[in-house]
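There are 2 protein chains.
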Amino acid sequence: MAKPEQSGTVLTRDKLLEVAIDAFANAGYEGVGTRELAERAGTNLSAIRYHFGDKEGLYRAVIQHISQGVQDRMSPFIERIRSRTERPNVTREELIDSVCQLITGFASQLLASGVGDNWARLVVREQIKPTKAFDVMYSVFRLLLDGIAPIVAKIVGQPPDSEEVRICAMTLVGQALVFRTHRATALKFIGWNTLGPKQISELQTVLSKQCRAILTFRSR
Amino acid sequence: MAKPEQSGTVLTRDKLLEVAIDAFANAGYEGVGTRELAERAGTNLSAIRYHFGDKEGLYRAVIQHISQGVQDRMSPFIERIRSRTERPNVTREELIDSVCQLITGFASQLLASGVGDNWARLVVREQIKPTKAFDVMYSVFRLLLDGIAPIVAKIVGQPPDSEEVRICAMTLVGQALVFRTHRATALKFIGWNTLGPKQISELQTVLSKQCRAILTFRSR
DNA sequence: GTCTATAGTCGGATAGAC
DNA sequence: GTCTATCCGACTATAGAC
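Each protein sequence line maps, in turn, to chains A and B.
Residues in the first sequence are numbered consecutively from 60, following the numbering used here.
Residues in the second sequence are numbered consecutively from 60, following the numbering used here.
Among the hints, erroneous ones may be present.
Claimed, not checked - DSSO-like cross-link-like pairs, simulated, lysine-lysine; straight-line CA separation at most 27 angstroms: (1) Lys-257/B <-> Lys-188/A; (2) Lys-188/A <-> Lys-213/B; (3) Lys-74/A <-> Lys-114/B; (4) Lys-114/B <-> Lys-114/A; (5) Lys-191/A <-> Lys-247/B.
Everything labelled a hint here was simulated from the structure, so no lab data went into it.
Using the sequences and the hints, build the whole thing.
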């Protein structure tokens, strides 16, 4: 971010960012041109250069913005769960319940169609050919995974950095992520038309049951 | 496929396909040019038009080829499981074991770095903005999901087309898929450098445990 | 800060020789 | 069937007026 982050009229910058979030998510980085972005934002090509340096700078700003939003909304939630599970006299049932809440909470954040609906495409792009934006994305996943892993570790009685605990945390998250990454397949298979509040709620019920099953059965 | 599917020298066509699989998977559809594809295949631009009509025709051929390969390798496996689980005197333990085998079998197919390593990118592309190639992909997923859902249905005692059973099947598959779609994140979090046979094997162990937990605990 | 104009490159598609 | 040569539109990046 060497370029001027401060600007008199922030409106153009914000509008550009808003348009780019939508366009990149839906068409992919290579799928949109800077001309189209500028036009859709009601401005011109040079505005991109001025505010973000170049196309990739705008892309990084998009990733940064989305990640920051997710982080802001999830941090207090995760923190609350953490403080709850770090009490000395916490019960196993509370621990299990906490993981369920983390997963279902994440699912609703992930699936509720808010700002930047289809950014799974950008996430996967970074997974396969990581750019400078990868670390930003990773830190958000890390936030969630670091919320889950220590609790799972306590439940199964293993160190939080053991491979098994971390694989387990990954798969728990994967159960929810698949509805973003393979959304069309999931909808068609289940027989849903949309992924609205009703469907998300039903999903959360199943996710919760399964998390509980995994953690309960394993801790025996 | 209106263009001549038969050709004297199939070598050029195959080479083009092979190169395109790799390139599309790694750089995305919009990320590679036809010139580059032709050059990497040791041929020229016109060969693409001749063999596949246009760039999108080549893309569809890529999806078709990969899907066919996956289908060919998975079909007999799924069929074997199916015949085993449809015996009248099948035990619940056998049913649970069958689902575990389907998931771990799928995981090894999915994660073993063979032909078309990074095609998750193309899959997700189709999920967000389905093209004509979506149906081809979907039929492969359907093959697996239709292998899993009826068995899950028997275990939990619900109809195979109930929403809960289908959501469950989706999440079971999601546990494995996340290591393809979020590979870089998974590797970094777990602390692995590669996703080799040793790691896949460890993954299968955990997946198997968790499938068993989900199905065992739910059937009570 | 915001704009127009333009440079330079590369995209996919095509015509036509062999 | 495979090649060369070429068209034309779209891309990113930049220079410079206001």
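Hint by hint, here is what the structure shows:
1. Lys-257/B <-> Lys-188/A: Distance ~23 angstroms between Lys-257/B and Lys-188/A Cα, so the pair holds.
2. Lys-188/A <-> Lys-213/B: violated (42 angstroms)
3. Lys-74/A <-> Lys-114/B: The hint is violated at about 33 angstroms.
4. Lys-114/B <-> Lys-114/A: Roughly 25 angstroms separates the two Cα atoms, so the pair holds.
5. Lys-191/A <-> Lys-247/B: holds (15 angstroms)
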